[in-house]
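Peer 1: Protein chains in written order, with the working numbering: chain A, 1 to 217; chain B, 1 to 193; chain C, 1 to 199.
What the hints contain is simulated information worked out from the structure, not anything from laboratory work. There may be inaccurate statements among the hints.
One side only, chain A facing chain C, incomplete, derived with CB under 10 Å [what the hints assert, rightly or not]:
| no. | residue |
| --- | --- |
| 1 | Lys13 |
| 2 | Val18 |
| 3 | Phe19 |
| 4 | Phe23 |
| 5 | Ala25 |
| 6 | Phe27 |
| 7 | Gly29 |
| 8 | Tyr32 |
| 9 | Val48 |
| 10 | Asn106 |
| 11 | Phe124 |
| 12 | Ala128 |
| 13 | Gly130 |
| 14 | Glu215 |
| 15 | Gly216 |
Okay, the calculated bits of chain B under chain A, using three or more residues with CB under 8 Å as the criterion [to be verified]:
| no. | region |
| --- | --- |
| 16 | 54-60 |
| 17 | 151-157 |
Simulated pairs of lysine-lysine, DSS-like, Cα-Cα distance not exceeding 25 Å [stated by the list, open to error]:
| no. | chain 1 | residue 1 | chain 2 | residue 2 |
| --- | --- | --- | --- | --- |
| 18 | A | Lys167 | A | Lys132 |
| 19 | A | Lys12 | C | Lys191 |
| 20 | C | Lys195 | C | Lys41 |
| 21 | A | Lys50 | A | Lys33 |
| 22 | A | Lys13 | B | Lys94 |
| 23 | C | Lys190 | A | Lys13 |
| 24 | A | Lys108 | A | Lys50 |
| 25 | A | Lys167 | A | Lys145 |
| 26 | A | Lys80 | A | Lys145 |
| 27 | A | Lys50 | A | Lys132 |
| 28 | A | Lys167 | A | Lys68 |
| 29 | C | Lys40 | C | Lys191 |
| 30 | B | Lys90 | A | Lys108 |
| 31 | A | Lys132 | A | Lys68 |
| 32 | A | Lys108 | A | Lys127 |
| 33 | C | Lys40 | C | Lys196 |
| 34 | A | Lys127 | A | Lys33 |
| 35 | C | Lys41 | B | Lys120 |
| 36 | A | Lys145 | A | Lys33 |
| 37 | A | Lys145 | A | Lys68 |
| 38 | B | Lys120 | C | Lys40 |
| 39 | A | Lys127 | A | Lys68 |
| 40 | B | Lys120 | A | Lys68 |
All C-beta atoms, glycine included, are put in the ideal place defined by N, C-alpha and C.
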Amino acid sequence: MKNLFTNLSLNKKLALFVFVLGFLALFAGSPYKGTELKVDASEMAMIVQKEVDHVASDELAGWIVQGKADYRLLDLRNEKDFGEYHIPTAENMQLTMLKEAQLGRNEKIVLYSDGGIHSAQAWFLLKAEGYKGVYILRGGLEEWKDNILFPRLADNAPPSEVAAFEKAKLLSKFFGGTPQTGGAAEAATPKMALPKLESPAGAQPKAAAGKKKKEGC
Amino acid sequence: MSPLSKGTSLGLTEVRTEAKAAREPQPYWNPYLAGLGLGLVLLAAFVIMGRGLGASGAFSSLVAVGVDAVAPAHANANDFYAEYIGDGTKSPLKDWLVFEVLGVFVGGFVSGLFANRVTKVVERGPNISSAGRLTFAFIGGGLMGIGAKLARGCTSGQALTGGALFNVGSWAFMMMVFGGAYAAAYFVRRQWQ
Amino acid sequence: MNAPFFKYGLFGDDVSLVIAFIIGIGFGFFLERAGFGSSKKLAAQFYFTDLTVFKVMFTGIITAMVGVYYLSVIGFVDLSLIYLTPTFLLPQVVGGVILGVGFVVGGYCPGTSCVAASTGRIDGMVYLLGVIFGIFVFGEAFPLVSNFYVSTPMGQITLPQISGLPYGLLVFLVVLMALGGFAGAEWVEKKMAAKKAEA
């Protein structure tokens, strides 16, 4: 038997080898195992409890101001809402488009929606598929509006808050928002007009275009 | 003839024959081994880069850069060129395919050098002139350029890469390439036979 | 799962260009080893006298196909991250026919013409000029053909997806087909050589 094998020419040996591999492929299963969701429950629970992958709105605002380019900010809402206003440097991406976007596994991805529901759901989908750098903007667009665009200083605020408010005012102006003063601390925020999108939002289309890598032939 | 001169002339002929043999083109590799090597290179591209090989795309970048240099307004208004020119943040020649194709030139040359197959020649059949062959080469290249752009690739990118990945369009393309070539072969047989 | 390495961020764009160059060297090297720097050898495929093109192309395809399949099955490679050119059926079919004609008329394809040019073939160099001219013609005519160019889109789709057959089964079938093709090619070449010897 062994003699039979060694007497085969090189070509026949190669052919036999590849035939065996091809035959075994009938039983080896699907190559797409990676797209089945595998969740390590305890690890997930700990991550959620520790809130390690939350990004606070002022943290994100700081990145934008500094012009950092090492993250991708994804706005999960529909096109219309995105067009009305979106956080500068954000890209519009519906949940179903996430796969097509070819996001890097280790890329820093920050998700936001109006509140936290869609971003939390998208976070789970991405984490389960093995993306390592997924973060949620804490409080979503609502908190962004409250903290960054329209920071409020109540009448009877302590001095520490007054000092902090000075910084918040500068940040708000940068993003085209309107700082608010007056009224009781718990008063509801009136419906404010959202800033029109100009620079630094102008920086965003360039960044998005640059990200599109050409991989054709 | 004196014995001395006879011995000398024989020795020189032997030396010349040996030297000529060393410069003769080596036989080609076993095609299956060459194919195996090619497949492994393609596999390396899959594993390292998450993409396959290509060739025509590099020349598209070249053409786009050329048109952009001569008539930038026209180039940027044209969707086809604009895609290769990009948004100006980086040179269109700093492209993966461009560097890969440069490597192809080098790799081909190195292999040819080791096999003594680097020679200035116009490859052609016995029944056609060099000028005729070169004319056909240019026309064939032109057709290839158009076909490759329509199909989003050529045999390296679509047939090899797409073939290995079971890409539907690539398999359809591959069958059509063989079909078209066999169909046209009869009409240009004088070029080769 | 940590491959494709580039998609996992193991290195950046600049390193990827160096890798492109090295991979290209390998590509060009094996093309020339097979003899594809010669248009006579390439064209002979379409006259059935030398079927090296078929043998090399399909050996390459099944090597990479089987390789990427098994690497994905064991979980080393994430197959879904490997780029798949979107299918546009009609333009690709028409482009394929045109390309096939160009192949046998010109005697090369873009990749092999680079190898030919770098090993001194003048017809290879002229062919490359032709390719550049053809792309230019296409670019100029693009506004007229752009509707056709994007017709019949099918997205990124594979044969397993469209047929519903298991991936592994298709791997086996393609391997079988290729091996059968190789046996057939050897037989055809022998017959053609015998015919030539008779003549």
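Peer 1: What are the numbers of the hints the structure violates, in ascending order?
Peer 2: 1, 9, 11, 12, 18, 21, 22, 36 and 40
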